[in-house]
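These are the residues of each chain, in order.
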Amino acid sequence: MTVEDEIEIMGQRLNRKIKGLFGRSLSIREVDAGSCNACEVEVNALSNPIYDLERFGIHIVASPRHADMLLVTGPVTRNMELALLKTYNATPEPKLVVAMGSCACNGGIFGETYASSGGVDRFMPVDVYIPGCPPRPQAVIFGLMVAVDKIEQKIRKLEVKA
Amino acid sequence: MSEELIETIKKEFRSDILDEIVSNNEHYLTVNKDAAVHICDYLYHTLNFPLILIFATDERAKERTKDGCFKIHYVFSCKSDLFIIIKIKVEEKSPGFPTLTHKIPAANWYEREIQDMFGLVPVGHPDPRRLIHFEDWPAGLYPLRKDFDIRTKPPRVKGEYIYRRVEGEGVYEIPVGPVHAGVIEPGHFRFSVAGEPILNLEIRHFYTHKGVEKSFESMSLDKAVFLAERISGDNSAAHAVAFCQAVEKIAGVDIPPRAKYIRTILLELERLYNHFGDIAGIATDVAYPFGAAHANKLKEQVMQLNEKVTGSRLLRGMNAIGGVRRDIGDKKEMILKELDSLQKDFMELMELLISSPSVADRIETTGRISNEIAKGLHVVGPAGRASGIDNDIRRDHPYAAYHKLDFKVPVIKAGDVNARTNVRAYEVYESLSLIKLALSGLPGSEIRTKIKKIPDGCALGYTESPRGEIFYWVHISNGRIERCKVRDPSFCNWLAIEYAVLDNIVPDFPIINKSLSLSYSGNDM
Chain C
1 MTVEDEIEIM
11 GQRLNRKIKG
21 LFGRSLSIRE
31 VDAGSCNACE
41 VEVNALSNPI
51 YDLERFGIHI
61 VASPRHADML
71 LVTGPVTRNM
81 ELALLKTYNA
91 TPEPKLVVAM
101 GSCACNGGIF
111 GETYASSGGV
121 DRFMPVDVYI
131 PGCPPRPQAV
141 IFGLMVAVDK
151 IEQKIRKLEV
161 KA
Chain D
1 MSEELIETIK
11 KEFRSDILDE
21 IVSNNEHYLT
31 VNKDAAVHIC
41 DYLYHTLNFP
51 LILIFATDER
61 AKERTKDGCF
71 KIHYVFSCKS
81 DLFIIIKIKV
91 EEKSPGFPTL
101 THKIPAANWY
111 EREIQDMFGL
121 VPVGHPDPRR
131 LIHFEDWPAG
141 LYPLRKDFDI
151 RTKPPRVKGE
161 YIYRRVEGEG
171 VYEIPVGPVH
181 AGVIEPGHFR
191 FSVAGEPILN
201 LEIRHFYTHK
211 GVEKSFESMS
221 LDKAVFLAER
231 ISGDNSAAHA
241 VAFCQAVEKI
251 AGVDIPPRAK
261 YIRTILLELE
271 RLYNHFGDIA
281 GIATDVAYPF
291 GAAHANKLKE
301 QVMQLNEKVT
311 GSRLLRGMNA
321 IGGVRRDIGD
331 KKEMILKELD
341 SLQKDFMELM
351 ELLISSPSVA
361 DRIETTGRIS
371 NEIAKGLHVV
381 GPAGRASGID
391 NDIRRDHPYA
401 AYHKLDFKVP
411 VIKAGDVNAR
421 TNVRAYEVYE
431 SLSLIKLALS
441 GLPGSEIRTK
451 IKKIPDGCAL
461 GYTESPRGEI
471 FYWVHISNGR
481 IERCKVRDPS
491 FCNWLAIEYA
501 VLDNIVPDFP
511 IINKSLSLSY
521 SGNDM
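For the record, the sequence lines run as chains C and D. For the first sequence, our numbering begins at 1 and goes up steadily by one. For the second sequence, our numbering begins at 1 and goes up steadily by one.
Certain hints may be false.
What the hints assert, rightly or not - Computed beta-carbon distance windows for the label pairs:
id : chain 1 : residue 1 : chain 2 : residue 2 : range
1  : C       : Q12       : D       : E351      : 52 to 62 Å
2  : C       : V3        : D       : D19       : 53 to 63 Å
3  : D       : I354      : C       : V3        : 22 to 32 Å
4  : D       : L352      : C       : Q12       : 24 to 34 Å
5  : C       : K157      : D       : K153      : 53 to 63 Å
6  : C       : D5        : D       : R151      : 25 to 35 Å
7  : C       : V3        : D       : Y161      : 18 to 28 Å
8  : C       : Q12       : D       : E196      : 38 to 48 Å
9  : D       : Y161      : C       : D5        : 27 to 37 Å
What the hints assert, rightly or not - One side only, chain C facing chain D, incomplete, derived with CB under 8 Å:
id : residue
10 : T87
11 : Y88
12 : D121
Hints were generated in silico from the structure; no laboratory data involved. Bear in mind that the values here come from a model prediction, so they are computed numbers and not experimental data. Where is the CB? At the ideal position from N, CA and C, for every residue including glycine.
Just chain C, with the same shape it has in the complex (with noise of 0.2 Å):
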């Protein structure tokens, strides 16, 4: 199978969810927490001709005011955790947070330092965990999917609630 295929396939399945739940595209907006752009270079990829998953309704925004996602790439580091956060409060609720690649996920190679602080769940709630150094674009539309059930669960518990 090309990689065209499996893209088309995985794509088509993460319309059919993201159409039924938003009714629009799911927006992300992506926060680099200190990573060594590797992740970004793999995002980027994502928006390429062959990739192209803007066709499957997901769209990456320039503020997260505007988005349903964050996701977070890098192991945080002691100077973006402020920005970070700030991000993180600046997304409306209902929000989910995924951490991409091995540094948000638990620090990567660099682990805790005096500069590194060893993955983002230390500092806001992570939904869906993307590991990978860095993970390919197929394994991020995967991370995505699982994310979009996430958040179908959400809105249904904020359902409940009101």
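Mind docking chain D on chain C? Use the hints.
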């Protein structure tokens, strides 16, 4: 020639030279602290050797010997494949050392880095603000000192960072970042503008500082290769090879010729996908999405090829100390076929880009870096070569298989975004031809030399990454890394953007930034 050169320097400064060590192509001269500026000035201005690196080491532990102090190293790159390293000693009791920034502007960030990480003070520095630590970092804590524990979590203190202010009628500031609108790394830009033209830009980085150099000191050598690969994500192969070469030099090992050729192929594959990506970025930022899609497709093609050849889209895990982990000889036909298709498509893309007036209008004369500025700041890589700086480590200090392969180094004088785009385009053709040459000449069958024990010592390792020269200075003691200084090309090139944007309009900033292709993580580490 190199002996004559050293003799000339020694004759000139005989009374100030305290000690001399020669190892491989590195010539270490320990000199009087007070004479350092004078000697460096002589090497730089009279002999025309670029200053490529300044770093410090903490050797206070050798207290009982005469060497119990900090040392600062100034590395100069000479012609005829030689490096001259001027060393000075700095006592803990009097932590000042004379600043070199007035004479050589390229020394600016190195000296501030040493101030933050070692607590040594560059006396008379024109901009003594903190560089790496933010205002909330407590005073008196210096991470690269040996008595600083890597797991320390210093409390946040109150402090203020003072930006340069531009005042006048109608002048206002635009703060941008650290979290940007696009999917890019974090950094802060502060523009002072009047109307649209930029009067001043101040960059503030080190948001992604992870303590990499300190981490090296607590890592085994094999694991350290993986850390080197993760300093700047899209330059993984170049960083890994530079680190491995430094260690191999200390071990005195000549790796198998086949491994050298395979490394060359990996490094050129890395250059290909990076250059395609940069050209795509420039096309995006001048609102030419068709060209951008085309270039991004080429980048993806190379990344998929990388995965088929090495198992990693970013060429990770291939390099090891002593050679490479996997042979790629059986993939030769596949790679050659892919290269032909890339070459054909890239030629079509460049014809489109060059013949489009809307592209030319945005990139010609935009973001100009004069040769004088580029030389003063030691701008490296394609950005330097687009400003008339004829430097390429592959040719000047050959490593891997480059001395056996024929290639040209394009140099353009214009210094604008157009020149930087064209330098990259020429380099793409050179890379394609280099990979073909290396594949057709793959020698031998061994791919890795087993290294049993690595003796104590220090050495420089270097590569020409897609962004420019990467330097590693590794010091090994008792089989462990005592100090590993890393210099990514972006550490040199970031300051050039403050000059490149002057008198340009704010909407052209993204193009200028993209054309310089700067790494944040490689810079901040």
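(request) Report the numbers of all earlier hints that the structure fails to satisfy, in ascending order. (result) 1, 5, 6, 7, 9, 11, 12
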